[in-house]
Amino acid sequence: MASVKLTDVKKVYDNNVTAVHDFNLEIQDKEFIVFVGPSGCGKSTTLRMIAGLEDISGGTLEIDGQVVNDLQPKDRDIAMVFQNYALYPHMTVYDNIAFSLRLKKVPEDEVYERVTNAAQILGITEYLTRKPRALSGGQRQRVAIGRAMVRNAKVFLMDEPLSNLDAKLRNQMRAEIIQLRHKLETTFIYVTHDQTEAMTLGDRIVIMRDGVIEQVGTPQEVFDTPVNLFVAGFIGSPQMNFLKASLQRSGDAYSVSLLGVTLPLNPDQNAVLARKNAGDQQVILGIRPEHTAVLFAPDENAIECTIDVNEMMGSELHLHLTDKNGDNIIVRLPTMDLTQEQRRSLSYGSRLFISFPAKAMHLFDPGTEKSLIDG
Amino acid sequence: MSEATAKRHMGLRASRTVSNTLIHVLLIVISIIWLIPFVCIVLQSFRVENTGPVGYIIPHQWGTGNYTRLFQTDFPRWYTNTFIAALATAALQTVIVLCMSYTLSRFRFKMRQPLMRFMLILGMFPGMLSMIILYRVLKDLGLTQANAVPGLILVYVASSGMGYYVSKGFFDTIPMSLDEAARVDGATRAKILYKIILPLSKPIVIYTILTAFMGPWGDYVFARYIAFGTSAGKNVAVGLYDWLNKDQISNCYTMFCAGGVLVALPVTILFLFLQKYYVEGVTGGAVKG
Amino acid sequence: MKQYSDLEFLKLSRGQKLLYRLQRFLISIPVGIGRFFMKLIRALGKLFAGIGRDLGEIGATFAQGDWKTKTSFFIMGFGNLARGQILRGILFLVFEAVFIAYMVMSGGYWLSMLPSLGITGPSEEYSEVLDAYVTKYHDNSFQILLYGVLTIFFVIAFIYTWRVNVRQNRMAEKILASGKKLKSGRDDLRSVVDDQFHKTLLALPLTGILVFTVLPIFFMILVAFTNYDGTHNGYTNSLFTWVGLDNFNTMLSWDVTGGAGTQSYAATFGEVLLWTLIWAFFATFTNYFLGMFVAMAINKKGIRFKKGWRTILVLTIAIPQFISLLYVSKMFAKNGIVNGFLMSMGWIQQALPFWEDPTWARVTVILINIWIGIPYLMLITTGILMNIPADLYESARIDGANAWQQYRKITLPYMLFVTGPYLLTSFTGNMNNFNVIFLLTGGAPVNPAASSAAGAVGYTDLLITWLFKITMGAESQYYLASVIGILVFVVVALISLVVYNVLPSIKNEEDFR
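Chains as they are written, first to last, in the working numbering: chain A, 418 to 792; chain B, -13 to 275; chain C, 7 to 519.
Keep in mind that the hints were calculated from the coordinates and are not lab data.
Below, a list of computed lysine-lysine pairs in the DSS-like style, where the Cα atoms sit at most 27 Å apart:
no. : chain 1 : residue 1 : chain 2 : residue 2
1   : A       : K548      : B       : K188
2   : C       : K142      : B       : K125
3   : B       : K96       : C       : K45
4   : C       : K312      : B       : K188
5   : C       : K205      : C       : K52
6   : A       : K427      : C       : K187
7   : B       : K181      : A       : K521
8   : B       : K181      : A       : K491
9   : C       : K189      : A       : K522
10  : C       : K186      : A       : K422
11  : B       : K181      : A       : K571
12  : C       : K187      : C       : K76
13  : C       : K186      : A       : K427
14  : C       : K313      : B       : K262
15  : A       : K491      : C       : K189
16  : A       : K661      : A       : K776
17  : A       : K600      : A       : K585
18  : A       : K548      : B       : K181
19  : C       : K205      : C       : K189
Hey, can you work out the whole structure from these sequences and the hints?
Below, the structure written as C-alpha cells:
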C-alpha cells in the first residue's frame, strides 16, 4: 500500500533510442492505474522501470516517498504478473506461490497459511500439487496472480496479464481482477494495449504514444473529452469518425460546415472557442459512431451517405458508410426500434442520412491535432 | 471410386511399399558397415594364434590371452591415468562451461559482444600450437611425464570456457521472464542460477558432463605432448597408439584390440544410458550457436 | 555492373538470374571484406578517441579533484580508504604493492631482456671443486620471452586498474556531492552474488582462457619471429633470438632449400594448403548431404525401428576415435582385413594400395571420414528436419511437387539457412581435423620431394598435422610451426570473414532465438 511518484523518468537505450520521454505521474495509494497505448509506446518499459527490471536513464522514481532508482527489484517491495505468466516449470503450483516467501525465510507454517489462503481466493486449491504444464491458460494466470498476491507487496504490477487468454476467458478474468482489487486494497499498475480493458479496470488511465503521455484521466474523462486526435481515436470502439470540416465564427456563435451542411455548436462549446478567440479555420470533426443520429429520409442538416457494409452485431448494427467526398464513416445503430422496412432499406448500396448532435462533436486542429474544445 | 483412381491408389501404395523396402535394406546395409569394425575389434581381441594383423576376421583359435597379457603391461596405469583425468575434467569443465554460458546468455554487460567476438577469433588459432609452450611451462612446474595427470587436467579444463556455444544455445531457450519473475520475487542472481535455471537445464548439464568426460577419454594430442618420453604418464590413447608402430605391431596388435574393447566399453555403456541427453544437446545446441 | 530492381530481376530468365546472383555474390566478397576493414578502422578510431577522452577525463579528475583524489593518483585506493570504502581501498593498495614489488624484483629484468632474449648462453667453465670443465647455464631465452610477455600483460592490467581507481574517485566525489551515500564493503560483497554476479562467474573461466590460451598464442606468434627450435632451446644448448621475418621468408620462398627435398617450402606449403581445403570441402559436404539423407531415410513415414537405427549410429560416436580410426586404418593396410577379404574372394590379385598411393590415400581418407561423420550429422539434421513445419510439405504436395522437388525447394533451403553457421564452423573444424588424418594415415604416403627438414610431410597431411610433425620431429623447428599456425589462422579468418558477410542467417543473430 503505497503511492508511486514518477518525476521526469526517462529511458534511453544504448543505441540512443529514447523509449520513454520525461514521464511525470503521481499514483495515489490504493489507486488502480492503467497504462494503455499501441505496441512500442513505452508503457511496458515504464512498468519495467518501476519494477526495477530496466535501468532508469534519468529522473526519479519514488515508492512511498523513498527514491528507489538504484534499488534491485527484490528491494522495492513490488509484485508483478507477467504476460506469459513466467511460472517456474519445475515447481508445483504450491512451490511457485511459496517461492518468494521462502526466499524471505518466512516460517513454513505461515507460508502454508498464506499460500492456501491465496489459492482459495483464486479457486486453485485443487491444483496446488500440480506442475504448471498441467494447467490451462486461465489457471496458470491465476497461479501467477497468486504468486504476486501472497507477497502483500506495496505495489502490484501487471504487464498485459490477459493478452494470452481467449476472448471469453479474458472477460471472466477481467471481472475477477476487479474483485481482487477490492479484496487486496493495494496500489495497482496495469499495462495493456486493449482500450476496453483500460476503460473497465482503471480508476485512471494513462494513454501513451511514442514514449510520451498523451492524456491522463478517468475513463469517463478520456472518453468524453479527449485532448487530441490520438486519444480520441484510441479510446472507444469502433473508432471515432474523423471528417474534414471548417469552423465559422459569427459574433460569439460558432458553426461547423461540411459536405454542404452547416451545424451550429452549443453554448458551452461557443464559450470555450470564444475564450480561445478562435477564428475561421479548417478543423477535423470527430464524432463517435454511437453518437451519430440516423435518418431514413433527407433533411437539411443531414449528410447523405451510401451503405458499404452492414454488420449485424445483435443488439445493434454497425454500418460502414461512404460520404460524398469518399470518406468512410461508421455508425452504430440500435436494432431495437427499427421497423422491418427500415431494416430492409439498410442494404448494400442504398442511401442513408446521418446528422451530428452538437454536444457529441469534437473539434481538432488539423496542424497540432489538439482538441479545440476539450482539455 | 472409379476404376482408374482405384488403380492409381494401388500404384501409390505399391510404390510406397517398394521405396520403404529399399530404405529398410539400405539401413540394414548401413548398420552393417557401421558395426563391422567394432565386431572385428571384439573378435580379434580374442584371437590367440597370431598377435599381429592378419587378413581374416574369425579367429582360428579363441582365448582371453590378450586380456591377461594387457595386465602385465603398463595398460592398467594408463587406464587409471585416463580415468582420473576424464573424471576430474568432467567435473571441473562442466562448472566452467556452465558459468560461462549462463553469463553470456543471461547478462547484458558492456563487454559481452566484444568478449564473444574475441573468443571466436581466438578459436581460429590452432590450439595445438599453445601446447609447445604449455609443455615447457608444465615441465618447469613438474607436471609432465610421470606426473602428467594433473598437468593434463589443467590443460583440458583451463581453456574449456571457450566451448560455451552449445549450452548457451540451450540457456537462450529458457525465457528471460523466469529470471525477471524470480528477481521480483526476491532472488539474487546466484539464487536464480541454482534455484531456477539449473533445475531446468538437466539435459544440457548431462550433455556437458558427458562431452567433458569423453574429450580426455579419447584425447591423443595433448597427452602425447605432456607424457613425452615416459610410459607411466601416458593415457590409453598414447599407449595404444604406440603399440601399432612398426616395431611392436606384430606383437601387440591383438592386445591393442583387447585394450580398445576395454576402453570403449565404459563410454559405450554410459552413452547407451545417456543417449537421450546427448541427442538433445547436439540437436538443440550445435546449430543455434 | 548493372543493378536490377526487384521487378526487373523477376523478368530475367533462369540463366540470367543465376548469373546475376553469382555476380552479386562475387562482388559481395570484396565488398564484405572492405566493409570489415572499414569497421575495423572505425573501431580503432573509436578506441583512440576513447583513449583520448579517457586521458582528458583523467586530467580533469586530477585538476578538479580534492586532495584525497589527488593522492589516489599515486597511492591507489587512498581515496576509497579516506572515504570509508575500506574493502575496495585495501584491494587497490595491495594490488599496487604487489605490482611494484614484482616490477622491482623481476618484472623490470624480464622487460629489459626482452629486446635481446638473453645475452650470455651456456658456457664451458672450469670448476675447481670438480676439477673439470662443466657447463654453466646463464640466460634463459624461453623464460625471458615468457615472463616478458607475462610482464607486459601485468603492466596492462595495472594501467587498467589504476584507471578504475581514478574513475572511482571521480564517481565518489560526484555521489557525495549529490548527498548520497557510497557503497559499503558489505554492499560490494553482496553485489558479488547479485548485480555483479556475471563478473564472479566469468572470473575463473576467463583467467583460464587468458593464461592457457591467450598467453600461449601471444607467445607463439612471437616465436614465429625468433629462431627457437630444438638446437636453440634458449637455455641448455643455445640461446634463441629475434630474426624478424626470416621464417616467413623461408616458408613462402620458392627456393629449393635444405634437407633432402627437391621442392621449395612455398611449393610444399601450397600443396598442403590446397589439399587441406579440398579435404575440408569434401569432408564437410559429403557428411552433410549423406547425413541428411540418412536422417531423412530414418524419419520417413513407414520406416520401422527408427530408434534402433539411430541408436546403432549414435553408439559409434561413443567409441573413442583413436580406437576406431586406428583400427580402420589397419583394416585398410596392405595386409589388412579388407585386402585379405577381397583377395580371398578372388576379386583382386594384388593388395590395393589404400595407404601407399597418394590419390588412393586421399580418397580413402575422405570415404572413411564419411563413416565417422554421418552419425553426428544424422543427429543434427534429424532435429532440424523435424522442425520444418509439416504444412509446408502438404501445401507443396497440393501444388503438385514430387519428392525430389519437395526436397529441393523446401527441405534444402530451410536446412541451408538454419545450418549456415554450422557449415562454416564445420568447414574450419575440418581444416583442423587432426584426429582423422593423423590416426588414419599419419600423413602418409610421404612426399619425397618435400624437404625432410620440414618434418617429412606427406600427401594426406593437413596443415595442422604438418605443424604437429614439425614440433615432434627431431629438429623441432618451433618457429616454422608457429609460422604455419599463423598462416592457418589467416586462412581460417579470411574464409570466416567472407562467409560471415554473405550468410544471411548470421547477419541477424536474433532470428535464431
